[in-house]
Amino acid sequence: MKRFFASRWGPITAGAVIGILAPLLVYFGNPKNMGVCVACFERDIAGALGLHRNAVVQHIRPEIIGFVLGALIAALLFREFRPRGGSAPLARFLLGIFAMIGALVFLGCPWRALLRLAGGDLNALLGLAGLVVGIGGGVLLLRNGFTLGKAHPAPAVMGWLMPAAMVGLLLLAVLQPVFGEGLALFQSEKGPGSLYAPLLIALGAGLVIGFLAQRTRFCTMGAVRDVLLMGDTHLLGGIGALLVVAFLTNLVLGAATGTPYVNFSFTGQPVAHSNHLWNFGGMVLAGLAFALAGGCPGRQLFMSGEGDGDAAVFVTGMVVGAGLAHNLNLAGAADTITEGLVKVGGPSVYGQIAVGVGLIFCLVLGLTARLRTKEVAK
Amino acid sequence: MTTTVDARGLSCPQPALLTRNAVRAARGGTIEVLIDTETARDNCTRVAQREGWKVEVHEEGGGYRLVLSR
Chain D
9 MKRFFASRWG
19 PITAGAVIGI
29 LAPLLVYFGN
39 PKNMGVCVAC
49 FERDIAGALG
59 LHRNAVVQHI
69 RPEIIGFVLG
79 ALIAALLFRE
89 FRPRGGSAPL
99 ARFLLGIFAM
109 IGALVFLGCP
119 WRALLRLAGG
129 DLNALLGLAG
139 LVVGIGGGVL
149 LLRNGFTLGK
159 AHPAPAVMGW
169 LMPAAMVGLL
179 LLAVLQPVFG
189 EGLALFQSEK
199 GPGSLYAPLL
209 IALGAGLVIG
219 FLAQRTRFCT
229 MGAVRDVLLM
239 GDTHLLGGIG
249 ALLVVAFLTN
259 LVLGAATGTP
269 YVNFSFTGQP
279 VAHSNHLWNF
289 GGMVLAGLAF
299 ALAGGCPGRQ
309 LFMSGEGDGD
319 AAVFVTGMVV
329 GAGLAHNLNL
339 AGAADTITEG
349 LVKVGGPSVY
359 GQIAVGVGLI
369 FCLVLGLTAR
379 LRTKEVAK
Chain S
158 MTTTVDARGL
168 SCPQPALLTR
178 NAVRAARGGT
188 IEVLIDTETA
198 RDNCTRVAQR
208 EGWKVEVHEE
218 GGGYRLVLSR
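Going down the list, the protein sequences come from chains D and S. If you're matching positions, the first sequence starts at 9 in our numbering and goes up one per residue. If you're matching positions, the second sequence starts at 158 in our numbering and goes up one per residue.
Derived by calculation from the structure, the hints in this document are not laboratory data.
Short, incomplete list of chain S residues facing chain D, as computed with Cβ under 7 angstroms:
#: 1; residue: Gly166
#: 2; residue: Leu167
#: 3; residue: Ser168
#: 4; residue: Cys169
#: 5; residue: Gln171
#: 6; residue: Glu195
#: 7; residue: Thr196
#: 8; residue: Asp199
As a list, the in silico DMTMM-like pairs of lysine to aspartate or glutamate whose alpha-carbon atoms are at most 25 angstroms apart:
#: 9; chain 1: S; residue 1: Lys211; chain 2: S; residue 2: Asp163
#: 10; chain 1: D; residue 1: Lys10; chain 2: S; residue 2: Glu213
#: 11; chain 1: D; residue 1: Lys158; chain 2: S; residue 2: Glu217
#: 12; chain 1: D; residue 1: Lys10; chain 2: D; residue 2: Glu88
#: 13; chain 1: D; residue 1: Lys10; chain 2: S; residue 2: Glu208
#: 14; chain 1: D; residue 1: Lys158; chain 2: S; residue 2: Glu216
Heads up, the beta-carbon is just placed ideally off N, CA and C, and yes, glycines get one too.
With the rest of the complex left out, here is chain S (with noise of 0.2 angstroms):
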């Protein structure tokens, strides 16, 4: 199953928290993160990567699908 966090419209630093949320409590598996701007996209990256996740980036829809791995 994959979980999607949709961060769309929120503002710093919500989208980073959520994602690193979200990626503690997996431990593994695949997540969807939906942002929508540039600055979200690489906070959350980064978190995703400080959290040893690996992080795919889709342009979709005016904004980005962040799709984290581990």
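Bound conformation, chain D alone (with noise of 0.2 angstroms):
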């Protein structure tokens, strides 16, 4: 078994149990094209947590609590549980904030670009190239000698932390405690955050998730960056799998309930704008971060579920990130529809500016720690 994981099928078996997940969880409530997003679902936690106040996008999503969980049980389980941390924490932090910001102009994490696509919405193309040319960044960046620094092995309790944090949040959404009159958690009435499936299937989904995705060491960013990198296409076949069984999953839902799961179009789609450009560039910088950081958002909380604080703080990062995404008014808007008439949505100038500023910072930190070679050859 241990084998099958670490063979070219482990990276395949995860994506395609993504992909015939992730529709089933629109079927049972989730926001359609939107069956797991993690850029998506920690914005829906931030706002759930009062760190925004769009009044859209509040909910506590039980499918990333089980993404750490289900990869800190398989760690465990195959002993690989390993609390390490201290490399670079503040530029992780920042690289979270901007991934978010970047993904939220989008509007969806690599996965949920999969599962766009997968959905017939060709946005998606875009970003999926955002996201390519954004990793080619980084790969040069890495070629030239980038790197955040050692983490070095932490006591245990530090690794046992994100986790923590995660029953903590779970236990909000099960016992919805009030915090004095008026004060409970966030809750969306309408919009995205307002569409869910039950906690206890998205619990499970995302316990499976995390599990199979820690064995296998699934990364959508992983997966295009080590092809440019070194021409290692290990990981690759799970992006494929993902895309290819979403599809089919989203066919024979579309069948059996009558609802079509899959529309070809650029306008019209739910939950994203046909902006080409800013679907373009949300993704190059958020697929910079990514590659700069060493995981996608999936990944990284799979590692913080491992034990990885870095991991966890770049994941803390991108939680801030959607605060001030939504805040500060820098995450795309959706189209909107009125008298059939379309209006292109996408980000405001102050998104713009933060997509830029964005790649500036991730230009000038990824030319800047470097790797000095006698560090490492001795």
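Build the complex from these two chains, which are given one at a time in their own frames, with help from the hints.
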């Protein structure tokens, strides 16, 4: 079994399972083309905690909790739980913030880009192209010696902090405490945040995905990076499987329910805009930030579950980035259709500036944080 | 002479990249790679094998020592 997970079939299995579960989560209540989306769901959690006040995207998403705890269980069972940290935490935090801003300008993480395409949303092609370009930039910086420096082994408690925070979130979701008169968690009554699968189904799907992804090192950014950097296609099958299986599952669900799950077009897509330049540009920033931080948003959650405190800092940066993106009007607005006329959405001028600032930040960091070869070769 | 690559604590893809650079620079002989996660162990092993090197894995000091030879 160990060998199977480590083989080429490992990532393919993880991608295929995500490809089945994501459309099923839509069937059970999640927003369309958003069965799982790490960026969107962390943004919804930020909203539920009041870190932003966009009333339509506030909900504690149990899938995210499941990803971390599923990876934790796998890491413990296979003796891969390794508490570690201390590799450029502030740089990783800021990369998390800008990665989230880029993803929210596009409206999705790499997983959702694939799921959007599997649902016929052609805008995802621009997002995926941007992602490849951003990762390509990261590959050039890595070839040039970019590094965030070494992590160090840490006391066990450090590895348990992120899983414990997730258990805390789960308790909040279950108990729904009230913190004073009118002071409850924020929960959307309309919009994407009001659409969700039942808690146990969402959590269960998250646990399964987290477990499998930890075993197989499933990573969408890594899949592209390894091909560009080393011609290594080990992870690539994972994203191919996710795309194809999600498309097929959408077709089956569409036939079974009588409601189409696939609709090929640029306009009229759920929680999406058709502003091509910024679908591309947002994901260039996100891809570059993921590449410099060493993992896509999903992979960062799984590594948090393995005890990686640096990945946990990146995740925290993404949650804070979601707060900033919505408080400061940086996120892309979805297209709106009034009286048959499509009004193209996309980011405000502030969102566009934020993408520019993020790209400059990543470039400066990428060009200046470099490995000295004598530190490596003795 | 054995070259040692100490990639402990480095995040993806640096251990694999350093391993690849080391095997390409050496062309033959023995190279030791020190890493501390299973992901790095698998990635470095795959990279070295693809470049035509033999890989022995030793568990050591809470991490791994890979001995690459060709």
